[in-house]
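With the hints as your guide, set chains S and A onto chain R.
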Amino acid sequence: MSITIGKGIPKVDAKHKVRGDTIYADDYSVPGMLYGKVLRSRYPAARILALRTARAEHLEGVYAVITAKDVPHNELTARFGQSTSVGVQFEGVYRVLADEEVRYFGEPIALVAAESPELAEQACEMIEVEYQPLEGIFDPMTAMEPGVRQVAEKQRNIASHFKIRKGNVEEAFAHADVIVEGTYQVPYQDHAYLEPESGVAWVDEDGTINIRVSSQVIEHFREVAEVLNLPHSRVRYLGTWIGGGFGGKEDITVESFLALLAWKTRRPVKLTYTRAESLLTHSKRHPFFMEYKTGATQDGRIVAVQARLISDAGSYSALSPWVLLYATVNAAGPYHVDNVWVDSYAVMTNTPITSAFRGFGAPQVNFAYESQMDELSRRLGIDPLELRQRNFLRQGDSLDTGWVYDRPVAISEAAEKAWYALGPKPAPANPQVAIGHGLGAGMCSYGRLTFLHDTSRSYIKLELDGSAVIRCGVPDLGGGQGHILCQIAAEELGLAIERIKLYITDSQLTPLAGTTTATRQLYMSGNATLKAARVLRTRMLEKASGMLGVPVEDLEVQPGKVLSKSQPEKSIGLVPLVNRMSTEGEELFVESQFNAPFTSIPANEVIEGQIHPDYTFGAYAVEVEVNRETGALRVPRIVACFDVGKALNPVIVEGQIEGGGIQGFGYALTEDMKIEKGIIQTPSFAEYLIPTAVDVPDLETILLESETGLGPYGAKGIGEPPMVSIAPALTNAIYDAVGVRITSLPATPEKILMGLLRHVEKEGG
Amino acid sequence: MEIQSDVKVKIRVNGTAVSATVQAGDSLLDFLRNQARATDVKCGCNQGDCGTCTVIYDGKAVKSCLVLAAQADGKEVRSLRGLMEDPLMQSLQNAFVECGAVQCGFCTPGMLVASWSLLQENSNPTRGEMRQGISGNLCRCTGYKKIIDAISLAAAQHVVTDGTANLADLADRLDGQAQAKANYLLLGGG
Amino acid sequence: MLHYSFCKPGHLIEALQVLSEYGGRARIAAGCSNLLPDLKARHLQDCLLVDISELEGLRGIQAEGDWATVGSLTTIAELAVSPLLREGAPLLWQACQSFGDPLVRNRATLGGNLGHASPAADTAPPLLAMEASVATESLSGGRREFPIAELFAGPGRTNLRPGELILSLRFPLFQGKHEAFVKFGLRDAMAISLASAALSLRLHDGLMQDVRLAYGSLAATPFRATRTEECLTGMPFNEETLSLASAQAQGEVRPITDVRASSSYRRQLAGALLRQAARAALS
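Sequence lines, in order, name chains R, S and A. Reminder that position 374 of the first sequence reads as 374 in the numbering used here, one-by-one numbering, no gaps. Reminder that position 148 of the second sequence reads as 913 in the numbering used here, one-by-one numbering, no gaps. Reminder that position 164 of the third sequence reads as 1119 in the numbering used here, one-by-one numbering, no gaps.
It is worth saying that the hints were derived from the structure and are not from the lab. We put the CB at the ideal spot given by N, CA and C, even for glycine. If a hint is listed, it holds; no wrong ones were tucked in.
Computed from the model, here is a short list of chain S residues facing chain R with C-beta under 7 Å:
1. 810
2. 846
3. 873
4. 900
5. 908
6. 911
Looking at chain R on its own, in the form it has when it is part of the complex (with noise of 0.2 Å):
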């Protein structure tokens, strides 16, 4: 029977998060702060000629003017938590400070510390930056040519390329009864997370910088220290709870910026971004040029699938490389393909810096193959549903990169459910309108790539009352990352959760966990907690079953009492339990390290074996209405079905999907960041327009329990999945309504309503 595990309990913080009591990051003050500001370029690609900051230092209150010259270590290569170097072709420079040059609009140039907000603006205002403007690169089409110049002197144009090669392609479309081949296209989205970037800073009375940031990812500590030229052990993150994130806080943020400025001005520092500030200069998903070619035989089996993935890496490869890494072994979908041939292409440009989002490249793809699946369902006129059972991956068969995938897969089912949810199409309610459904399948991997060789580290602790300490340094996004870590150790050692103390996000304190992305930490926390708990639990029962006499195999743990099964009668409360064994030495905590699957860094560009520990595989099915007269889209239906091993809190797991999947609705129809010749047009959330509560349905969820993942208690990771598949299930509905195809997100009323003219002028003509 299970005390916690399956069960609804409502997270841990959000009781202080309906109170406002929690402390996020800009939330926080120390007594003499000083205000940062960032001084940014104000051109997409220029030289630097001169750099005058003395009419800004002379400002009466202003304490700190830093510039690139003042960084003792100012271009360092950028890592996320990885502790191997992992090559030149997966890792990018970081540079903290522009020097000579600025390679995109709004890179920070120097740094401000004074003793308001308004006065550090002033002192921005007054440093002297004389540029000279260069030829900016604003497309990877342009970057790609030859003799084009460099966007960053040490680094080719072409950041990373990636190859599949499975199977013979060539044979295989030669052999095809039809080919459909499309371009795709895709934009960027920005993460758009409420809580701007933001964090204090402090040096303490040794010496150490202490960084309360809103962070993903607090092993940034060890990058800070390198800025710093500082012993690792010198700088601590004291991660907060964290405003949303989706990726967009995984790359460092204002950390290097307020650790520099405390350790010049040894006065604490607070420093938060503007919103348009967060939109112009901070990471966004990675627009994707795609080439699809896809055949298949008369009865619907897919033979050969050619894809050319080109990616807009901007201006710093942050994390392009691994980034277009995942799109490349995504690029088949979750089906069984024999042929598949991949060229990708991570081309850097003057534009922003494109890094992690929900998805992490998965969604990109997924837009392309899903439309192709569309595209030969209609051409071979096989349901959509049907002809996409008829190639799902099934255990046993090999993804593209030849990896055989020998674990239940669930996606049939999961497709299945969610489009036969939508039933019939109800009539329009107009003539104007037209009503269609659409599918969209697909698969996301939880955990990082293998050859990153992650580990995490949690550490619980029983108090002689019955309450426990958990020290976990997992930065919670509000995802339940942290509560579920109380639900599995309330599990296995019959705690109360409300009795249980959750530490995290101390770089310094708690064990660390590593970064909170790639939908790693149910998968890798949660399995370090119930490693640990499980020690306890057998040190408990061990002492229970000397106290009671009975054989540990036929002890169980309820709450608050360890008892014999088949002797109800003999019990132990936990308290007496847990005095007994502190009398007599035992240790009450551990610490347990959970290491995931462990592969070697691939030996060149041609991507071959595992590479992800899992993958979690759903679908969405759409119904829209579609006016024609108007283009505009109404969405009345949305279902959702994933597999998700085992639902540890079906609240929590609702959430991730209805909040992905509305992500994923934003990304498809109504975020659409312009940007022209390397500046973002749409600097404000007037103008980038995620959805409101009346624009999107109640989202249907259906939970596939197979428990089968790799996480605690046969979990799948569940926090990126849900921004997969959606975006084609909508499109793929559109053409259903009214025969357009859209090829390139996002799907606006303007681009339905010219589709329909030009049918109309077609039938005309």
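Coordinates of chains S and A only, in the frame set by chain R:
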């Protein structure tokens, strides 16, 4: 009439008068966070586009970034913390926790105030009216469904305490899990 | 260099005095839903913020016979819950339902929405179609009243004279016309319209008469599409008429291309919204 760059104001914040000198261009949000230390009022955009700074100002739910601090002199402001004694707000808080309506929590204080205002004006809204009522408050985590579930649940509980409940009507409005929770709570479980 | 100052006139004359004295440097602060974002974005560097939000006599809806007078400080939320407007001036009432969001409606004022002179001002097309008049006052020019069509000069620009303040709007009630307002935005809340249309007409013996059609977001100002009105006048209500009138409307509008939409799409919307409004008005 004085023309001032620095304006002395006295604003009642959650029942306590706060005297301060604000700058002419300061927003009520600036005053609340920086001077009144009401950090439950969040700043997500400072441009009226997100709703995280929602408060009750002069009796109405507003975005505090769209009120001049100087204008608010002599006015009464209530943020989430100033409404927590109210039983309706308590029902909403409990419902948000129960229904999983809180993820990162950054929109939550503003969302709760907007929801409270909605239920003040309409104690028995449809799900559509609830969506309208919070349409000035962005949430990036939840997809809104569980927030609507929570408002439904709080409204249901509140109607019950008024003694005007019609359980069949309530059940119609609630979705899935919220309905199960409401049944449990209504039948004396909580 | 930023320099903002603030004052709060105690009565109308004092407000007019300060507006007169400070001229272009004075900015009216009422609902502030446009003003504060402008301040925070540093669009305004040096100005005097004149808080008129509590001036007597500029707030509320008054009916005299078949005419309504709405004070410029009346909030959109107050208009949106007015039974009088709902029955007597449904175009304006409808526009207020979809305006911004509930929180903004609690602050934004009718006068502010018009005085800001955005081409997308939601309340402008209804008032244009109702042929409302604007009452204003300035210290030097005294009071005057003029048709609302004369208010708008361009994006963010009015024909108000220096120091002139909008006092109220006056429009006829209970016209017994068929009417509808439609707004098209990229979201259903907090949306700046890509296009909006207010249409009113009478049917005499099955033919359309007294047609008024005003558009928002389809030119440099909100405007009456008089040629399209003529095109509809005297015609029966059917899809063929609507199709002809739509073509006319598409030629009559002068939309721009911006980050939200292209001008050619907005042109299409001119016709589509006309058809939608006509169907809604006559259903």
